[in-house]
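A.B. asks: Let the hints inform the model, and build the full structure from the sequences given.
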Amino acid sequence: MAESTKSRVNDFVLKLANVNGTGSASANSLLMKVIFRMGIPVSGKNFFPSNIQGLPTWYEIRVSKDGYLGRSGAVDLMVAMNSNTYERDLKEVSIGGTLLYDSTWPRDRLLARHDIEILGVPLARLCNEHFSNARTRILMKNMAYVGTLAALLELDRKLIEELVQETFARKAALTEANMQAINLGYDYAVEHFDCPLPTRVQPMDKTSGHIMIDGNTAAALGCVYAGATVGAWYPITPSTSLMDAFKSFCERHRKDPKTGEKNYCIVQAEDELAAIGIVLGASWNGARAFTPTSGPGISLMNEFLGFAYFTELPAVIFDVQRVGPSTGMPTRTQQADLLSAAFASHGDTKHVLLFPSDPGECFELAVAAFDLADRLQTPVIVMSDLDIGMNDWMCKELTWDASYRPDRGKVLGAAELEGVKAFHRYLDPDGDGIPYRTLPGVHPKGAYFVRGSGHNQFGAYTEDAAEYQQVVDRLRTKWATAAKLVPEPVIRKARKPADWGIVSVGSCDPAINEALDKLAEKGIHVDYCRIRALPFGKKVTQFLEQHDRVFVVEQNRDAQLKSLLALETNHPMQRMQSILSYGGLPMDCRCIVEGLQEAQRRGAAA
Amino acid sequence: MTSIVKPKIIHQGLKRNALGLTVRDYEGGMSTLCAGCGHDSITAALVQAFFELDIPPHSVAKMSGIGCSSKTPAYFLSASHGFNAVHGRMPSIATGAHAANRDLVLIGVSGDGDSLSIGLGQFMHGLRRNLNMVYIIENNGVYGLTKGQFSASADVGTKAKRGEVNKQPPIDPVQIAMALGGTFVARSFSGDKDQLVPLIKAGIRHTGFALIDVLSPCVTFNDHEDSTKSYAHTREFRHPVVQADFVPPAQEIKAAYDEGEVMPVELHDGSRILLRKVAKDYTVGNRGEAIEYIRDRQRAGEIVTGLLYIDESEPDMHTVNGTIAAPLNQLPHETLCPGAEALAKLQARYR
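Protein chains in written order, with this note's numbering: chain X, 1 to 606; chain F, 1 to 351.
Calculated from the structure, these hints are not laboratory results. Nothing here was measured: the structure is a model prediction, and the numbers come from that model. Mixed in with the good hints, there may be bad ones.
Restricting the straight-line Cα-Cα distance to at most 27 Å, the calculated cross-link-like pairs of lysine-lysine (BS3-like) are [as the list claims (entries may be wrong)]:
#1 X:Lys396 / X:Lys539
#2 X:Lys206 / X:Lys396
#3 X:Lys350 / X:Lys484
#4 X:Lys421 / F:Lys6
#5 X:Lys445 / X:Lys493
#6 F:Lys8 / X:Lys445
#7 X:Lys445 / F:Lys15
#8 F:Lys15 / X:Lys171
#9 X:Lys421 / F:Lys161
#10 F:Lys345 / X:Lys258
#11 X:Lys396 / F:Lys345
#12 X:Lys65 / X:Lys206
#13 X:Lys247 / F:Lys345
#14 F:Lys345 / X:Lys206
#15 F:Lys345 / X:Lys158
#16 X:Lys262 / F:Lys345
#17 X:Lys410 / X:Lys396
#18 X:Lys445 / F:Lys147
#19 X:Lys493 / X:Lys538
#20 X:Lys65 / X:Lys445
#21 X:Lys421 / X:Lys396
#22 F:Lys345 / X:Lys255
#23 F:Lys147 / F:Lys161
C.D. replies: Given below as structure tokens:
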């Protein structure tokens, strides 16, 4: 249990313990949004069950004037609304922190801590007295604690009202009821407690030019902007909201203004086997096509992924990773599909992976994924995760370069085909391992057979050893070309020369950045290389070589990134040390700080 | 090289179609199937149908899965793109292809293993989507490439070459298509080109999923005396109920039919199918009665053939989706990308 200092202005964690299906999500995101609009950096993590109604759910809001958006591990203010988890919620509050509970029912037995402040508000009683409908009473309890928190934390009430009005723009009656509930909670707090608490907010100006968005929404926008026209999917948590978002953006931006006809086609497939098939069929025809999925979906797509690698078809897949193996914990986060995605399918296969670290990069790398898939004629898998995909992150406003034109790669059109004597699909005239392709329906000379069976460089069926090997060796050349085309790593140099380095991917980023600052304060200086793609490329290899010791930070049990690094770069395993977090919760910086401190202690002792 | 290129010899007197092409222009590589395989007759029927419909070969895409039947797209329309998908998954590839380019003429060739076992799910969902394609099942009751195991279409009591008797009831693609709302359901026999060619033509012109289940005997593993999928058995027990004659747009109907015997069906492109009753007791156009009839005849050991059901009014996948008429793969990026200003504007809700 971390210690909470007495005064924590703009630097604290607010955790809300609710029952799912009671409407708490909108109240909690309202809280986060108010803080964001007050100009204070904030992030929200939703720990929700794989269930629709009745199970415990938590929402953790980190307020950080320094802009740290990962989890800190502390809980400074707990709103305990779920009697079933009350005991553990009480335990989790950091020493010196505060717990707010619904005092409609006595909780004497459970108020067993003296090192924290416990505040009771009769939320249910207040709502029962003022609202008649049973469902409304449940929903308004949430808004009532928003009101109480407004008083305790000194939230801007004007902004609260503004947000309530935006949320219920079309239903004036609801705005009124929600505001009434907020005022109930607010008035009670002002009357009974010393407001505000030492832990509170104060307006700043650190969020302008930023938005609060989740990665699935941002990735969907990337698909729209990259010009994707075919989307195929099978519903699976936590990727579902990506296609939901794509659909809603398309409804608004992709319909013919006169006829209402769609210039996109979304197919809800019968399973993931079909979803990837639909993507390949569309890509084969030159449409930009994608499918969002998660680990179990990647497992089912294996056969077709190998097919696409071998027949050299573009495809964009979003793997919004969740906890495995098997069904695992569908609503918890992990980075445990690295190996299964990198080598998906039987035979010698390797896939290009991209690793966004926040929603901003989900947008950027979604666009890059389509360009790379077309350029390299191969599947590109964007390795997001539940934390990035479903939680709201504060990131820079998305921008679009109007001069962007999609890179459609080496596609021969009718005019070019007219001019050639004969077309052969798998020749490598440019020496970069990337052949030329043609699209069906364009020109008779472009016809060829897409086949997963052995084929030679002319595209014809073969069972000849030398002919087969020539094709798969060229695919290796293509992999080397890919290493030069994929996004380079982001390298953060320590302020002082460092012998140690951290290597990581994706959503570990906020925790690592915070840890690096904390370690620097303790005199431990470490460089940081955030890999953004497989194949890794030269800069990653250089980073590994330049550091005596590399800490590989990742969110899985078996150190999959470390294995990939060893396999792909030949870097000795003993020069890499793992820091792992794989319980399903977004990484917090403590495991990194502790891991490196421990390493230093052991180093000093040796 | 294991594929065999067929030499192209064009005789002076060879008939040319409206595009100036001969039937040779619709052929493909040499078949590597067993001599006498029913599939080769279906290939020939496909060549003839595409030739007679004056379809530019490069506007067609040939789709297949895995198996003997799925090899056949290599043997026709060499100027068409082909796609040999993974086992049982051709319908999903076809769905994506059609989503991207609705102008492409899709001809799918599958088998009873590919469509009724490993690919049964995709087959049914292709039907359910009313995907605009011709879907031929070259049905022989056995797995040929793996040497003669029963397939899911094998009849009860039929004997394998090595003597094993099948005890599980067959899956009939025609009855599945009927039950799932198929809009074009036909059955034929590889040995009956007169029936098959017009069916293929009508299927190509039908807007929606055109299923043609073609009994196509396997000479190597399932053409013996105790097989219900042999040439001899199929010839003896097939029971044609409706003959479908295909009439292209703007062509006069020349043959004289007795009134009440013929039912014309107009297709979306203006061509017509003339459904001629062969069996007096078969009702054309009634799904419920058709299912019952097919089942009754099946119980009596007969194989009902012909264009058993057609409905031109049901919407296909793109109609349901409300897709624009232009193929999606031909839209310029400018019409697809909402632009920088729209991006700035739409982010208001995330502030």
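A.B. asks: Take the hints in turn and mark each one as holding or not.
C.D. replies: Hints versus structure:
no., hint, verdict
1, X:Lys396 / X:Lys539, "26 Å, holds"
2, X:Lys206 / X:Lys396, "11 Å, holds"
3, X:Lys350 / X:Lys484, "16 Å, holds"
4, X:Lys421 / F:Lys6, "19 Å, holds"
5, X:Lys445 / X:Lys493, "54 Å, violated"
6, F:Lys8 / X:Lys445, "16 Å, holds"
7, X:Lys445 / F:Lys15, "23 Å, holds"
8, F:Lys15 / X:Lys171, "72 Å, violated"
9, X:Lys421 / F:Lys161, "49 Å, violated"
10, F:Lys345 / X:Lys258, "22 Å, holds"
11, X:Lys396 / F:Lys345, "15 Å, holds"
12, X:Lys65 / X:Lys206, "8 Å, holds"
13, X:Lys247 / F:Lys345, "18 Å, holds"
14, F:Lys345 / X:Lys206, "21 Å, holds"
15, F:Lys345 / X:Lys158, "23 Å, holds"
16, X:Lys262 / F:Lys345, "22 Å, holds"
17, X:Lys410 / X:Lys396, "34 Å, violated"
18, X:Lys445 / F:Lys147, "36 Å, violated"
19, X:Lys493 / X:Lys538, "17 Å, holds"
20, X:Lys65 / X:Lys445, "63 Å, violated"
21, X:Lys421 / X:Lys396, "51 Å, violated"
22, F:Lys345 / X:Lys255, "18 Å, holds"
23, F:Lys147 / F:Lys161, "10 Å, holds"
Violated hints for the displayed structure, listed by number in ascending order: 5, 8, 9, 17, 18, 20, 21.
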